[in-house]
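Trainee: Read off the chains here:
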Amino acid sequence: MPTPQVVPSHISPEEQASRSVEYFQSVHDLFKSSQQVTGAVERSYIVGGYRIRLSFSGPALLALTRAIEHLATDDDSNPDLTICIWDSASTGQRMVSRPWQEDDFLARGVIQGYNTERIYTAFQHGSAAVSVLDMERNLAVFWAPDSNLPYWEYGSPLRSILHWWLLSRGLQLVHAAAVGNSSGGVLIGGKGGSGKSTTALTCLESNLSYVGDDYTLLGMDSGPVVHSLYSSAKLNSDHVQRFPALLPKVANPERLADEKALLFVNEHYAAKVANRLPVRAILLPRVTGLPETRLKRVSVAMTLAALAPSTIFQLPRAGGEAFKFLATFARPLPCFSLEVGTNLSTIPPAIEGLLAEIDSGSLPREE
Amino acid sequence: MTNQRFRVNTPTVTHETIDGEAVIINLDSGNYYSLVDVGSFIWGLVEKGASAGEVQDVILQAYQGDATDVDRGVQDLLAQLQQENLIVPVDDSVTFDNEQVLSSNGHEKPAFNAPLLHKYSDMQELLLLDPIHDVDEAGWPKPVPDPPK
Chain C
1 MPTPQVVPSH ISPEEQASRS VEYFQSVHDL FKSSQQVTGA VERSYIVGGY RIRLSFSGPA
61 LLALTRAIEH LATDDDSNPD LTICIWDSAS TGQRMVSRPW QEDDFLARGV IQGYNTERIY
121 TAFQHGSAAV SVLDMERNLA VFWAPDSNLP YWEYGSPLRS ILHWWLLSRG LQLVHAAAVG
181 NSSGGVLIGG KGGSGKSTTA LTCLESNLSY VGDDYTLLGM DSGPVVHSLY SSAKLNSDHV
241 QRFPALLPKV ANPERLADEK ALLFVNEHYA AKVANRLPVR AILLPRVTGL PETRLKRVSV
301 AMTLAALAPS TIFQLPRAGG EAFKFLATFA RPLPCFSLEV GTNLSTIPPA IEGLLAEIDS
361 GSLPREE
Chain R
1 MTNQRFRVNT PTVTHETIDG EAVIINLDSG NYYSLVDVGS FIWGLVEKGA SAGEVQDVIL
61 QAYQGDATDV DRGVQDLLAQ LQQENLIVPV DDSVTFDNEQ VLSSNGHEKP AFNAPLLHKY
121 SDMQELLLLD PIHDVDEAGW PKPVPDPPK
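Sequence order for the protein chains is C and R. Note that this note's numbering gives residue 101 to position 101 of the first sequence, counting from 1, and the numbers run on in steps of one. Note that this note's numbering gives residue 84 to position 84 of the second sequence, counting from 1, and the numbers run on in steps of one.
Derived by calculation from the structure, the hints in this document are not laboratory data. Treat the numbers as computed from the prediction; the structure is a model and nothing was measured. Check the hints yourself; a few may be wrong.
Distance ranges between label pairs, derived from CB positions [said to hold, decoys possible]:
no., chain 1, residue 1, chain 2, residue 2, range
1, R, Leu116, C, Ala89, 50 to 58 Å
2, R, His118, C, Gly92, 51 to 59 Å
3, C, Ser237, R, His118, 29 to 37 Å
4, C, Glu254, R, Thr12, 41 to 49 Å
5, R, Gly53, C, Ser222, 55 to 63 Å
6, R, His118, C, Lys32, 46 to 54 Å
7, C, Arg297, R, Thr2, 38 to 46 Å
Okay, the calculated bits of chain R under chain C, using three or more residues with CB under 8 Å as the criterion [claimed, not checked]:
no., region
8, 7-14
9, 21-31
10, 115-123
All C-beta atoms, glycine included, are put in the ideal place defined by N, C-alpha and C.
Given the sequences, and given the hints that come with them, work out the whole structure.
Mentor: See the structure below:
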């Protein structure tokens, strides 16, 4: 199993281990106190084949589940991971004062001195939320000051905790979209604004299934597979104009001046969402200004350079192991530049055509 | 300088070479890099413990090129790799087996073209978000106005 990088600190490993466990326990104790006040609200989900229980203190943060409702299960027995979720505003329970110094806040919210092999701690700038995971107990706590979280926290909820825990189970979160059909799926990589969401959302009106358009989950079963994680789309306000059919379905219409448009795909296109597909190819979208969509074979290394940095630099404690995982995942797959046409309706047929070609064993040559 | 050996600056730097193309990430700076052709070959030699002089010897045997051009190309690339903190000098105690490298490089001698280190800085913005902001009464930083992408 890959082991996430541990952040070095001037504090001794023994001291870090002891402080981290103590901190986790105090945050978990406060969660339990808050839940005694509000009552428990519990939901269960199957994520990448693992049973994950979300235990809320009251209903204030229940909207965090909207992006993962397509993974819901009624079977709430024996969770592999339990995530406790609470906020201070609705429960009246104050959070413990932070025990670390200002210069302990590292990039991507990692807290220096409170990250060990067992305990993972991160602070989310922007929402001021704290995520902490006890890997040994398969128990995590997510705390936020209140339920007024930014749209992206609802669009890709519990991202840090899921990234840490799922990686320990051999599953890697990736900043990539995925679509496909009965022949398999294509992973669509690239940094924000490269065309991932445009490509994935265009497929909602086609024969292709939708797995995700921002973050998806990669595994290596008998071969490379992609699991759906969030069925939420985030679009710039100018992009959303290109999808007039989606406009009435936007979840945050009153906040579009300050936020990206958020769409919960499973709430409107439930039949289109696929929870798992074997991956047949990786595509890197590129806007060309030409009307037609075309595919050009590109190298695996070029694909890795597009896929890995935008994943690694957005996830706390992601590093060399994530890079190696993505390299291993991409290495056997054919990779293409998806030259996205201005005529968006040409995108799905191009992808369907590629999947058919792969099925029949005739692939475009590398250039 | 010619006897100087290097190591890849792990764990700050992570890298993979696939089909003759090297992708290198500096996890601290957020920069990432690619090397192709002779650049990727040199990266592989440095990783195996070759000194600057040994890299030049191998390149001269494996590629068709003027010794001065090879010397300049290799030195420039090594200097760049050091400047970007991708490699760091190590003690001259490693044994480098250039026979193994050359035998696995085949018999065709391609022309030597000065290696280019392609650098990409578009991820830096994700790392350089100022992590310290105004704090509330419990010591927690207040939310930043601009959310991450």
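Trainee: Are the hints correct? Go through all of them and say.
Mentor: To see whether the hints hold, each was checked on the structure:
no.: 1; hint: Leu116(R) to Ala89(C): 50 to 58 Å; result: holds (54 Å)
no.: 2; hint: His118(R) to Gly92(C): 51 to 59 Å; result: holds (55 Å)
no.: 3; hint: Ser237(C) to His118(R): 29 to 37 Å; result: holds (34 Å)
no.: 4; hint: Glu254(C) to Thr12(R): 41 to 49 Å; result: holds (44 Å)
no.: 5; hint: Gly53(R) to Ser222(C): 55 to 63 Å; result: violated (48 Å)
no.: 6; hint: His118(R) to Lys32(C): 46 to 54 Å; result: holds (52 Å)
no.: 7; hint: Arg297(C) to Thr2(R): 38 to 46 Å; result: holds (40 Å)
no.: 8; hint: 7-14; result: holds (count 3)
no.: 9; hint: 21-31; result: holds (count 6)
no.: 10; hint: 115-123; result: holds (count 3)
This entry does not satisfy hint 5, going by the numbered hints stated previously; all others are met.
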